[in-house]
Structure formats: structure tokens, C-alpha cells
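A.B. asks: Chains as they are written, first to last, in this note's numbering: chain H, 1 to 317; chain D, 318 to 638; chain L, 639 to 931.
Take the hints with a grain of salt, since some may be wrong.
[Stated by the list, open to error] Restraint-style ranges between C-beta atoms, simulated for each label pair:
{"no.": "1", "chain 1": "D", "residue 1": "Met421", "chain 2": "L", "residue 2": "Gln888", "range": "54 to 62 angstroms"}
{"no.": "2", "chain 1": "H", "residue 1": "Arg77", "chain 2": "L", "residue 2": "Asp764", "range": "25 to 33 angstroms"}
{"no.": "3", "chain 1": "H", "residue 1": "Ala119", "chain 2": "L", "residue 2": "Ser811", "range": "52 to 60 angstroms"}
{"no.": "4", "chain 1": "H", "residue 1": "Thr121", "chain 2": "L", "residue 2": "Arg830", "range": "18 to 26 angstroms"}
{"no.": "5", "chain 1": "D", "residue 1": "Thr593", "chain 2": "H", "residue 2": "Arg7", "range": "43 to 51 angstroms"}
{"no.": "6", "chain 1": "L", "residue 1": "Ser811", "chain 2": "D", "residue 2": "Thr593", "range": "27 to 35 angstroms"}
{"no.": "7", "chain 1": "H", "residue 1": "Ala119", "chain 2": "L", "residue 2": "Val669", "range": "22 to 30 angstroms"}
{"no.": "8", "chain 1": "L", "residue 1": "Val755", "chain 2": "H", "residue 2": "Gly69", "range": "35 to 43 angstroms"}
{"no.": "9", "chain 1": "H", "residue 1": "Ala189", "chain 2": "L", "residue 2": "Ser811", "range": "51 to 59 angstroms"}
{"no.": "10", "chain 1": "H", "residue 1": "Glu144", "chain 2": "L", "residue 2": "Pro872", "range": "53 to 61 angstroms"}
{"no.": "11", "chain 1": "D", "residue 1": "Pro598", "chain 2": "L", "residue 2": "Asp764", "range": "51 to 59 angstroms"}
{"no.": "12", "chain 1": "L", "residue 1": "Arg830", "chain 2": "H", "residue 2": "Leu289", "range": "47 to 55 angstroms"}
{"no.": "13", "chain 1": "D", "residue 1": "Glu376", "chain 2": "L", "residue 2": "Pro728", "range": "41 to 49 angstroms"}
Note that these hints are calculated values from the structure, not bench results.
Ideal Cβ positions, reconstructed from N, Cα and C, are used throughout, including at glycine.
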Amino acid sequence: MSVLELRDVVVDYERRGGGHVRAVAGASLDVERGQIVGLVGESGCGKSTLARAAVGLVPATSGSVVFEGEPVTPMTRRARPAALVRLQLVFQNPYSSLNPRRTAGSQIADGIGLRTNAARTARVHELCELVGLPGVAASRYPHEFSGGQRQRIAIARALAADPAVIVLDEPLASLDASAQAQLANLLAALARDLGLGLLLISHDLAIVRHVADRVSVMYLGKMVETGATLPLWARPAHPYTEALIAAVPRPDGGGVLPESLPGEVPDPARPPTGCRFHPRCPYVFDRCLTEEPPLESLPNGRAAACWLAGIQGFRVI
Amino acid sequence: MSVLAVESLRVKLPIPGGDVTIVDGVDYDVQPGEVFGIAGESGSGKTISMLALLGLLPEHSTVEGTALFAGKELIGMPRRELRDIAGRDLAMVFQDPFTSLHPMLTVGRQLSEHVRRHLHLDRHAAEERAVELLEDVRIPDPRAALRAYPHHFSGGMRQRIAIAIALACRPKLLIADEPTTALDVTVQAGILRLLDRLRREQDLAVILITHDLGVLSSIADRVSVFYAGRVVESGARGDVLQHPRHPYTRALLDALPHPEAAKERPLVAIGGSPPTPGHIPSGCSFHTRCTHAVDSCRVDVPELRAVSDRRLACPVDPFSA
Amino acid sequence: MSSLAYGLRARARSSRIPAAWRQPLAIAGTVIAFAWIVIAVFAPLIAPSNPLAQSFPASESPSLHHLFGTDELGRDVLSRVIYGSRVSLPIALALVAIAATIGSIVGAVAGYFRGFVDGILMRSTDLVFAFPPIILAMVVAAVLGRGLFNAALAIVVVAWPSYARIVRGLVLSVGDSEYVQSARLLGASSRRALVRDVLPNVIGPVFVLATLDLANAILLLSGLSFLGLGAQPPQAEWGSMVAEGTQYFQWWWIGTFPGLAIFTVVLAFNFLGDSLRDVFDPRTARRAVESDA
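Pulled out of the complex, with its shape left as it was, chain H reads as follows (with noise of 0.2 angstroms):
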């Protein structure tokens, strides 16, 4: 059984001025342990709130979350149950999710159960280690080190915590290109050596191909492709993955230019009829503006919301 599970996650906000908006129309998604989940698409198709409802920051409107087998429930203001401490999420902004007056060390050894002050020292300075921070760093602030070395500080204060699945949002979205190569392979390695589940939600493509085993695409608060990474890549199943993969530009100096997805994505208050996609789509015809196709199995684990996906002869997988 998956470590964690989302099934038909439903959340809806309040926009300012009154009205819903179905930021997350239903979405499922697991995470193993050990394994690197990549969940992608543009900004605006709700794969933040998706995050923050997966370990209970914002309340789902329906659908559940389990984690372990328990029932992920939204925050009150008392501490969150035990259970679910082993769920944690990384922000993207790895200035504005440390407190600037606490230090590092401090901050880190917040997740820490331990009891005595010196198994807890011993403790942030194995995770310091852990994230590839020298010792020195318990006792500086957050201002004294760069972003890279910031979001190791989030890394190691969400590891405190002993987690079993660590949701990232964007965590390497402001980093330098050396900083995100460094984090990347230290999320990989934190996968594998200490058989964490993680949540990696970007914007990245790239990045989310090389260090993820599995990718969930969302469009509009829908999954519409999901799949082993490679294959995934290889032969996109629906058109809105084709056309992500298509826009990343490849650092080859070759000189050809990415290809443009044209349209927006359109307002999540009024989302189009039929498949929510057929704007957009290239391949649109009759039926996709009617009837919403389901996110359907197709063979080797994989899945697509699309009327095309399954057809012999059009788009083989």
C-alpha cells in the first residue's frame, strides 16, 4: 500500500468578492516509499494547493488523504497529531519559510523529539551532515547563508521530523543552476538511502525527468497523464504533456527554438466544457467539446485523460 494516497482531492477557495474556485477539481495521486513522485504542469493549474491539501494546510473540500493509513486532517490550532508530523512539506521560498530571528540549529531541532539538550545537538549537527552543511551552520541565522544552502536548512528541519514522505513545493524554483544540480542529486540521495517518499512539484521539466521514477501531470485541477518517467517522456499520452515537453529548450546550443503552447490556461472559475484542455489542444475534434474523457489505464501503469490515448495507430504508447 502507498505511504500516501489522495483520492479525488476536491479544494475550493473563496475568491475575494464572493464566489468559488475549484482550485483542485479532483485529483489522485500516490506516493511509495523510496520513490520520487514528480508532479508537474504550468502555474495556475493547482498543483501548489494540491501540495498544501496533501498534508493538511488547506482543507479539502472532498475526496481523502491518507498517510500511513490515517486520515490526513486539516490543521487546528492544536499541535498537529503525532501521526502525521511524519508528513512534511519544503517550501519553495527558502527566505520566507525560516524565521529570520531563530538560528538554524534551532530551528532544525524543532521536529526533534529527543529529550536531553545534548542527544538533541547531536542530533541537528547528524542532519547538518546529512544535508551537506558544515557544523558551523546550528549556530548562524538564515541570513548569513545563500538560497541553496537555505533550502538545505528546510530540507534538514522537514528530516528532524523522522518523515516518511516530504512534500517539496517548487524547492528549487530560486536557485542557480549549480545550487539546483546540488539540491537535485541530494533530494535523489535522500530517496534512496533513507527510503523517503517524495512529492516533487515544479515547474522545472527537466529536472523533475532526471531525479523522479514517476510523473503526474496536472492541467486545470485535473491529473491528465500519469506515468514511469521515462516512457512518460519518451511518448507523451496526452497532448498537454506532449506540448510541455515540447516547450523545454535543450541546453545543446543547437539553436532551435522551443515550441509554444498557444492560449492560457483559462480561468479555474469557468473551466472550459468537454475536456479541459480542448482549447488548447492540436489534436481537438468533436468530441472533446462535450464529453470530459476520464484519467483512463493504459498499459504499464500508466494513465491519460484523453479520447486519443488508448487508439491503436494515433498516438501508440
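Once you have looked at the hints, place chains D and L on chain H.
C.D. replies: Same frame as chain H, but now just chains D and L:
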């Protein structure tokens, strides 16, 4: 003739407790219709070197060197004269399309005001020009867009509007500073295609500043790689990015995930982090992170010199063909 | 123009006072404030004569015997100004401390519980904000009756809402910050996060506001005394001394010197507050270095 020729540009910014050198002698030139790419990580001085040309640095900054733009020296030019050139012949687009437009003014007002001021057109002509510009950057329904406010548009559309404003007076040179960094890849591809079309159709020269070598790979004609305020390698896009010769350029490329590479190849991260201004290592500023460094790298500042097809600031040259 | 250009410009003049001048002003503020505190503590040793004794010729202009002259009743103005600090400073300190405490508690409660509680508490602060402070203080002081204590109480009534508002805003914004959310996800209860992550980030701004407010409190107290609602004769209080001075314009020294005393104290605490703002902002020091994006 080149649109812009910059020589030994040096910039010092004031900080509490003295000045700090941000740009330490860079040279480049940009030809008409060319996309000139500047690559570098944060703190490499790539943005400051542009702001210096436009006179947009904080007070008490020092700028040395020469920058000839269409035969006129930009550095030391009186502010008023500079302001006339910047905006008309030389335009700039910034990273953040969310703050570079005025939130309280309609798109039409921002566009036509700019056009009227620099081109001295009447109201009607200015509006026609504004519609034309929005069509040029492929904003759907340009007449309606003129009456809308920036917050009505998505990030990608706002960046297109910012580009339209920049292009309003048919500039010779467009400086685009990380124009696609805040955008989705799908939208980024659209902006890159737009820039490519503009330079072909209007013979526009573009300086494209970005940390993303993928972006430069797809659109730049020539590339300069900045590190700690200096140029370490420059040359034609294919030469520099397909056969990098400076250890830093190579390391940057190795750190990137390649969309077609085998997944098992781990990303080769560069050890350490880029130096911060004021704490630049002696000699070659990359020597502390370089796996090919020899003793002399610690002492001698390498000169950017011509080697076969490019210019290179590395006497060791470990990757020479 | 552009975001970056705005950013750089904004950084260049982030305060009304240029950066190079802020340190000297901070030092000046500290020295003057400290000097006044020393004067208040050691007033009996410093003052040349008894502030209440009418033992000199009346209305003498400043001379070597009486540096600030004497007033219409033959009292030494210098001694009265020196003793006046024993009234204004401790009362201002105490009432600001009380107002800050009450306001902070109200603001923290409102920001922590939000919703209904927040609505009630914040509407009551709005009620106070709806009146000009000096008018409201006058009304309260008039209702309570003349006297220094009642005047101080009136100022507390006027002063606490600004603390409530700033603390509430900070508790709300810091409470929603990602670092507090991270702490909550790590198992901290809402109350624990409030104590450990939120309040330490609130204290700085409150302290700055209190310092600036000291100046306001001294001004208000003097104002009430000037209007006859605060200190009563013959007590030496700056505001009432200025009020007396206004009746004898030909003897300018009677009103001018206590006025100068108010002026220097207010200015000192304002300088101090402005520079504390920088001290409490952990980012001020390194902004300039990170300008290259």
C-alpha cells in the same frame, strides 16, 4: 557597424563601509539583428552591467569604461540626454512582468503616453500605433486590451505588453533581463519565438541576459559567460555551448539536466557557491571551485584573449580541441 | 519604469533620513535622552535652587546668577526646567509602557483568535482612532478631573490602540508566514508557535513604536498641562510652564526654556526610534551587497 560596443566596463557600488566592485572590466559588442546572450549566476554582475549603461545605478556608484551606442558615448552622458535615448533607441525589459507595469493605468495609456512623448504623435495616431504594437506581440483583441489594466492579464501576456512598450519607438537595441524566468516553459517558448521574429523582421538587436543556458542555446547567436564580474568565455553560440572550453562554462552545462540524456547520469554539481561581491577570490575568481586549477590561477588574473574561434579567460585551457 | 530600477531607487532612500546621517543622529538621540534621564535622577544635586521657592527678584532676564532667568513669581527657571524632567520623563515612560502592554495584549488576542473576537476588539480601537488624540485626551482628562495622574490615564486611553493595531497586523502576517506553517507542520501547537516564532518578531516593531510614542506622550502631557488639565501649580511641569510663559511675552525666557526642553526630549526619542527601526530589521545590514539580482 555594431549597435553597441562596450569596452573595459567597470562598476563599483557603494555599500556601508566602502565601495565594492561588481563589474570588473567587461567587453562586448552587439550587431544589428543579433541576439547576444549573457549567461551567469546571480551576483555575476550581468544585470548591473546593463543598468550602468542606462544610468540606473544608485547614487555614488562609479562607472568606468566606454559604451558606444549608435556612435554616442553612454557613460558620463547627462541624465536628460540618456533618458531620451533610453526608451527610444535603447529599450529594456525586466524579469518581473508583475511589477514592471503601472498597476493603476490602462495598458493603452501606458503605451500611448510612451509613444506620444518620444514620437510626438497626436492622440489618434498614438492609439493606432499602440494597437499595431499589441498586434505585433500577438495580444488577442488589441483594441479591448488598450482599455484593460495590467492585472487583467496573465504573466506571459504582461511580459508581451512590456515588450510592446519597449518596442514602441522602434528601438535599435532591446535589453531583456531574464525576461522569461518568471514564466512557465510553455509561455517562455512563446516569448522566445516573439523575440526571434522581432529581430528577423525589424533587424532589432537583442541583449538577452539569463542564467538559463537552455534559453541561450535556442535563440542566441553569440554568448558571453560572466563569472564574478568578468567575462570568462565568449563566442558563437554553437562553439561555446557545444564545445565549452572554460571550466566554468563546462561545469554550468554539466550541472544542467539534459532532456535527452540517460537518466542514470547524475547531475554534476559545481562545488561551493558563487562568490559574493566584495569577497571575490584572488587571481582567477573561479579557481576555488575549479577542478583544473593550477598554482598560478591563485595569483594571476587571467586575460580574456582570442583563441581560435572564441575568446577565453583561462590559461590552463584544459578542454582545448 | 521598471521594477529593478524602482527597487534600487527605493533602497537608496529607504528612510526620510539619508543613511550616512542616521548613525550620528542615533548617537545624538541616545546622548540627549541619556542626559535627560541623568538630569531627572540627580535633579536635587544639579538644580541650583529649590524650584518652588519664590526667593529671587521676579522676572529677571537670564544672567550668570540665573542662567535661564527667573519667572514672574521669582523662581529660578533653570531649576524648574531641571525638576520638570522628573515629572514628564517618568510619567511618559510609565504610561507608554502601560499603553504598549495593554495594546499588545489586545492586538495579540485579536490576531491569534481572529474572527469574532478580532472584530469586536478592532472595532473598539477604530472607535478611539476616530477622534483626534489631543481632543480625546482632553475630553477624558476633563471627565476624570484635573491632575497629573488623570492626564496620564487619559493619554493611555488615547495611546493603546496603535499598539493593538500594529501587533494584530504582525501576528496575522507572521502567523500566516511559511516559517510558522513549517513549525506547525513539525508539530508545534498554535500557541507554541505564537510564543516561539510570532512574538519575537513582534517585539522589535513594538519597541520602536514605543520609543517614538515617548515623544508623543511627553508632547500630549505638556499639552494637557498647558491647557490646565494636567500638572497643577505650583508644580514644575514643562507644559504648564510654557502656558505661564505665554502670559508674559515680554519675559521670553519663562516659556522658551521649558519649550526647548520639550523640543530636545521629543527630538531625541524620535531620532532614537528611527535608528532602532534599522537595528531591529535584520536585513538592513546586508541589503546593499545583494543588489545584483
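A.B. asks: Checking each numbered hint in turn, tell me which of them this model violates, lowest number first.
C.D. replies: Hints 3, 7 and 9 not satisfied by this model.
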